[in-house]
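Colleague: So the chains spell out like this:
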Amino acid sequence: MKVTNNQVIRLADIEFLSYDNFFSNVNEALNHDEAHCVHYFAKPNPDRDGEFSLFCLIANDAHHDIDLLASVINKRDELQSLTAQHLCLHPFEREMHELYDICFVGHPWLKPLRYSHDRKAGGDIYDYPFYEIDSEELHRVGVGPIHAGIIEPGHFRFICEGEKILHLEIQLGWQHRGIENLFVEKKKLLQRATLSENIAGDTVVGHATAFAHIAESLAGWNTPEWLEIERAIALEQERIAVHTGDLSGICTDVAYQLGNAVFGRLRTPMINYMQKWCGSRFAKSLIRPFKTNFIFTEQLAEEWQNTIDKYKPDFVEMAEQMFDLPSVLSRIERTGIVTKENALNIGLVGMPAKSSGLLRDTRKSHPWGAYKDVDFQPIVKTSGDVYARARMRYEEVLASIELIQRLIAQRKETVMTDISDAPRTWSAQPESLAISLTEGWRGEICHVAITDKEGELALYKIKDPSMHNWLGLALAVRGNGISDFPICNKSFDLSYCGHDL
Amino acid sequence: MFESLKIWLHQGKQYIPDVETTEVPGIFRGRPVIKAGVSVDEKALQELCPMNAIDVNPLSIDLGKCSFCGECAFAYPEKISFTKDFKMGHNIRERLIIKEGEDQPIRIDADAVRKEIRRLFGRSLKLRQVSAGGDGSCEMELNATGNVNFDVGRFGIDFVASPRHADGIVLTGPVSENMADSFLDAYDAVPDPKVLILAGTDAISGGLFAGSPAVRRSVLDDIKVDLYLPGNPVHPLTFVNGVLGLLGRMKS
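Protein chains in written order, with the working numbering: chain A, 1 to 501; chain B, 502 to 753.
In short, the hints are calculated from the structure, not lab data. Treat the hints with caution; some may be incorrect.
Unchecked claim - Straight-line Cα separation of at most 25 Å, DMTMM-like style, residue types lysine to aspartate or glutamate; simulated pairs: (1) A:LYS187 / B:ASP556; (2) A:LYS187 / B:GLU543; (3) A:LYS186 / B:GLU524; (4) A:LYS276 / B:ASP604; (5) A:LYS186 / A:ASP118; (6) B:LYS507 / A:ASP314; (7) A:LYS43 / A:GLU15; (8) A:LYS111 / B:ASP682; (9) A:LYS310 / A:GLU396; (10) B:LYS585 / A:GLU303; (11) B:LYS507 / A:GLU320; (12) A:LYS75 / A:ASP118; (13) A:LYS276 / B:GLU617; (14) A:LYS291 / B:GLU543; (15) A:LYS310 / B:ASP652; (16) A:LYS186 / A:ASP452; (17) A:LYS276 / B:GLU524; (18) B:LYS616 / B:ASP604; (19) B:LYS514 / A:ASP47; (20) A:LYS276 / B:GLU572; (21) A:LYS188 / B:GLU572; (22) A:LYS187 / A:ASP314; (23) A:LYS187 / B:GLU572; (24) A:LYS381 / A:GLU395; (25) A:LYS276 / B:GLU521; (26) B:LYS585 / B:ASP652.
Note that the structure is a prediction, hence the values are computed from the model and not measured.
This is chain B alone, in the form it adopts within the complex (with noise of 0.2 Å):
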């Protein structure tokens, strides 16, 4: 008993009180800046790239196919820059495209959320995650924000076992052919009205394995998705961030 008691006022405070405003520890690679006004070679940036994130006409970098190495950030230090931003999350697919110039704080889009959501959802949110070809890695992130020091408890968003006790679905992975049909399901199990949250850049765009025969991912193609999460893995702010500025929850 006293050993255990010991042990609890040994943890200090943990938790981080505002997660909005908290700073990532070390080099975290969080909203890229593209800058205006240098010249690079272009093509050779653009085919460097492992994720063909990088576009030319305008010049851009699409946080849904990154993997946020930095390797472009390294060959062209003057170029381009990654920021400590972790608010990256958004609810249209294209404003996750950052273009040459942009150094805007992203910020969701709350004309183009449905009513109902921050409505039913906004003080409690439910969700049920699936992974589908994920590499563990975003599980666990996920798995993080439920921890003393993320604690997304606190603001009502929980992750729960079934489907059925679930307002949406986080899915993780680029959608593997052998679990399309078992996401489905657990997709169809949830109770409408529900959201549908694509957490990292193989949710997002199916990254490396985007053309892989082994996956499936017109699955997607029907569904309406709420969230995208960038990242790989999507870092647990983001994910804190990005759900609380769907349900309207952001102070700033």
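So here's chain A without its partners, still in its complex pose (with noise of 0.2 Å):
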């Protein structure tokens, strides 16, 4: 069934379909370049044994909704892998068979994909099963799970010819903390909305909004226009911040000190005006279901514009520099490189798919709140390179300005309305799904909940862009050299807590 973003199915609408045609359904709607995979997850039937409901989500970007597709499987059935059909579902798999047992006869290679705590088969995330190749001239190097620098835990395993990179394999699973979980068993709306607020800590306000929708489509709750344009200001914002700081990042690894240190101070006033508004410079308490503590006043919309007035000069000044210094862009031109096609194959969402060529921007295609009136173009470029990833946050963020000065204006003129009678609880319409599409700095945010008959959680599932996009990471350094490894890595910036959950 077609659905949109940020909407309620009650659990008896939705139709169950048998395993061969759910399969073909899926391989069907993935075969169009505007369709990819949002979320693909297994629910447990508690009555019966074995048994479980799979639900696929598949978004159309033409057509601005969201294909449900469902299944009630068996796990002693045979089941057709469908990743052998559409490379984009491999990590959905993975999870399945590692959490229910559940086996895809055919997919490429069922591995563990988080070794989370309760996996079925058991085992220790040390006797991971990498790729190997047998070779007198090639040679392994293996790098964290703890890295050089101050970042989260995960383990890459490179085959190397001499200093070119055959392949990567990228292990996670180190930062699981069992978050999806702690989402059904932690009842209060404020612990579920505060956990939200630490599934990523760079996407604070990206997580937290798509949670507080989860919360208030199933409630049956209508957002006032004016607290969805203020939670996309925030967002923009945060997405002006990361990517400030990436660049600072970008120009670290290539030894360009200057970029380094200029993005780096010109980070701190952006995330600076998030403690000014709400008292974090992560926007940590700033979104709430059903309220908010911190209205965005015509003092804040003054203040974020002298702000800016003093960001805007310095950073492109340094951005035009950086992008016309030969010696940076020896180092991120042709480095890197995704193409629009293995793109298009992994299901590469976000910033990445956008510098390949491939236009994912779930503001534009599945809009919610105030992007369903403001007017704006998403950025796209083609070379898919380090250059394009870091070219696209520099332009990015211009156009966060612009469009952060477009929902200032539009607040200005929409009325605020009492909401001091929203629900202060959990409540939420019993055995129903909600689906809620938000696009984070990095890419689309995936959250899914399901609710039993007293309207409680049931089943709490997250994605984050970093599940689609860590294999776009393995592929862009095939063939460079192990010392572009680094740059290639801060170019995509993927979440390992966001993927480890």
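Since each chain sits alone in its own frame, please combine them into the complex, following the hints.
Modeller: See the structure below:
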């Protein structure tokens, strides 16, 4: 069935297909370039041993809707792998295999996704089955889980021919905290909101907005326009802040000290602005379901403009210099390329997808709240290299500044409504499924909730864009020198905890 | 060349001259104060906190559990307020608990600091950071301590790439099961004597993840913790002042 972003569907209205029909429907839906899988997961049916409901959500960017396909299976059934047809589904089938021992026949390699605490096969994260090539001429380089810098843990295993990377395998799971289960276990609305802010500490607004929309749509609460505009301003400000910091990181990795220092210090007023707004540099506590503790005042609007007036000339001056400097360009041009074809195959989303010529931006294709009315055009680059992903950040920062200006103007014209009678606790309609897509700075975020007979959470599923994009990084570095790995890595800047959940 | 010089010139002075007395912009929520003599429904207040950081008899807030969301202060503004005091680090875990009526600056207990720490690391402290389930925000704030604004390098405090080059570990995150052994490996690889600093709510108490079967906090049971730095995430100024306090380098 077709649904739209932030819609709630009663479970009784969902048609559960036979796996064969489900398979052919998913297969057919994904044959179109404008469609991609935003989530695919299994839910155990508690009354029947070994029985699971499968839910696959395929967003169609041209039709602006989401195809919800479902099936009921038994894990003893012989299920043909969909990954064998569409590589983009590989992490989802691996997760189902890891959690529930569901076997997908023909999956290229049903490796553990994150060695979650509740995985069926048990085992230790150190026992991961890496891909190996037996050769006298090649060597392996293992990096991590602890990296040289101050960064989250992950393990990278390179197979190199001399300096050249032939293959990179990225093993994740080190950050696994069981956060999806905690959403179900922690019953207070405020606990869940706090959890959502801690899914990925660099995407606080993105994930917290997705959760707020889930809670609000399940309660049948119409989020007022003014509140949605404020959330959009916060989301764009988060984009500006992280992109600025990433440009600093990219400069670090090409040993361009001036860029590192200047972008680094320019990030400070951007995150300090968040602190002025809500008391946290990372906007923790800003987004709350059914309310806000920090109304976006006239004074804050003025403060934002003053901050940007100081920031923008310095930012543009620095960026123009960076993208004009042969010593920087020689390191980032034609480095770490993801072709559009590969981007499509692996289901790349967000900024890296747009850098490879693939327009995937849910603000445009599946708009919510303020994005339905505001005029903007996502930026697309075609070279798919580090240069494109760096340049993308520069241009997206400028675009977000313009977007916030429009949002502020819109906010001024929008009447504030009284929301004091909104729910204060979790109050969701029973036996339903809710889906929420938001576009964080990294790309598309998807949250899905399923409620039980009492309206309590039965299942909460989170997907950070990193889930799709880690494979993009692994492909991007092939054929590059291993010394270019850090710069490729930074150009994606993917989340470990957002993947490991 | 001239373009670069121009950019350099345009930056002006960016560093914070005095990290002890500077004021944080905006509405930073630092050390809280619970006002005595104001009566509120303490049970409801306790129930409100998403982090279980509030206790009763006497009424108190545990900064090792607090996420500094400020919800309690919004619900009971006459009872609870957050000051802009970012100096919240302490070397004794229990001292992170702020009781009703207390409104004193938090200062490191010098007597409880091991003598060799100040003697050996007083002028140079090299730290290795380990993230074990941290959400990335504490890690970014620790990175920010080295930027041109906070510039901890000027105090001889640096983050280094290898535990072999380090005098101690800064741990972030609730200690995920999958990282527990790697954290211990890194800790063991640091030469003695060494310090352990827990940065952020998740590291200090586990935060919302404390009871999750996916974390293993027992690895911390047998290790001496030298400094607790509250925050979600820890603010760079909380970090700098906490470490300077540990080293006996605070002016005030």
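Colleague: If a hint holds in the structure, say so; if it does not, say that too.
Modeller: Evaluation of the provided hints:
1. Pair hint LYS187 (chain A) plus ASP556 (chain B) holds up; C-alpha atoms about 19 Å apart against a cutoff of 25 Å.
2. A threshold of 25 Å between alpha carbons decides the hint, and for LYS187 (chain A) with GLU543 (chain B) the separation of about 20 Å falls inside it, so the pair holds.
3. With a C-alpha separation of about 36 Å, the suggested pair LYS186 (chain A) and GLU524 (chain B) falls outside the 25 Å cut-off, and the hint is violated.
4. The straight-line distance between the Cα atoms of LYS276 (chain A) and ASP604 (chain B) is roughly 24 Å, inside the 25 Å bound, and the hint therefore holds.
5. This hinted pair checks out: LYS186 (chain A) and ASP118 (chain A) have alpha carbons roughly 18 Å apart, not beyond 25 Å.
6. A threshold of 25 Å between alpha carbons decides the hint, and for LYS507 (chain B) with ASP314 (chain A) the separation of about 10 Å falls inside it, so the pair holds.
7. The straight-line distance between the Cα atoms of LYS43 (chain A) and GLU15 (chain A) is roughly 15 Å, inside the 25 Å bound, and the hint therefore holds.
8. Restraint check: the Cα-Cα separation between LYS111 (chain A) and ASP682 (chain B) comes to about 22 Å, which is no more than 25 Å; the hinted pair holds.
9. For the suggested pair LYS310 (chain A) and GLU396 (chain A), the alpha carbons sit about 18 Å apart, so the restraint of at most 25 Å is met.
10. A C-alpha spacing of about 20 Å is found between LYS585 (chain B) and GLU303 (chain A), which places the hinted pair at or below 25 Å, so the restraint holds.
11. For a cut-off of 25 Å, the pair hint linking LYS507 (chain B) to GLU320 (chain A) stands: about 13 Å separates their Cα positions.
12. This hinted pair checks out: LYS75 (chain A) and ASP118 (chain A) have alpha carbons roughly 17 Å apart, not beyond 25 Å.
13. Annotation: proposed proximity of LYS276 (chain A) to GLU617 (chain B) is violated, straight-line Cα distance about 40 Å (limit 25 Å).
14. Annotation: proposed proximity of LYS291 (chain A) to GLU543 (chain B) holds, straight-line Cα distance about 23 Å (limit 25 Å).
15. Note on LYS310 (chain A) and ASP652 (chain B): the hinted pairing holds, with a Cα-Cα distance of about 22 Å set against a maximum of 25 Å.
16. Of the supplied pair hints, the one linking LYS186 (chain A) and ASP452 (chain A) holds, its CA atoms being roughly 15 Å apart against a limit of 25 Å.
17. In summary, the hint linking LYS276 (chain A) to GLU524 (chain B) is supported, as the alpha carbons are separated by about 12 Å, within the 25 Å threshold.
18. Between LYS616 (chain B) and ASP604 (chain B) the alpha-carbon distance is near 29 Å, which puts this suggested pair outside the 25 Å criterion.
19. At roughly 66 Å between alpha-carbon atoms, LYS514 (chain B) and ASP47 (chain A) are farther apart than 25 Å, so this suggested pair is violated.
20. Taken as a hint, the LYS276 (chain A) and GLU572 (chain B) pair is honoured in the structure, with Cα atoms around 17 Å apart against an allowance of 25 Å.
21. The straight-line distance between the Cα atoms of LYS188 (chain A) and GLU572 (chain B) is roughly 13 Å, inside the 25 Å bound, and the hint therefore holds.
22. Annotation: proposed proximity of LYS187 (chain A) to ASP314 (chain A) is violated, straight-line Cα distance about 46 Å (limit 25 Å).
23. Distance hint between LYS187 (chain A) and GLU572 (chain B) is fulfilled; the C-alpha atoms sit about 17 Å from each other, no more than 25 Å.
24. This hinted pair checks out: LYS381 (chain A) and GLU395 (chain A) have alpha carbons roughly 10 Å apart, not beyond 25 Å.
25. Under the criterion of a C-alpha separation no larger than 25 Å, the hint pairing LYS276 (chain A) with GLU521 (chain B) is consistent with the structure, at around 20 Å.
26. With a C-alpha separation of about 21 Å, the suggested pairing of LYS585 (chain B) with ASP652 (chain B) holds against the 25 Å cut-off.
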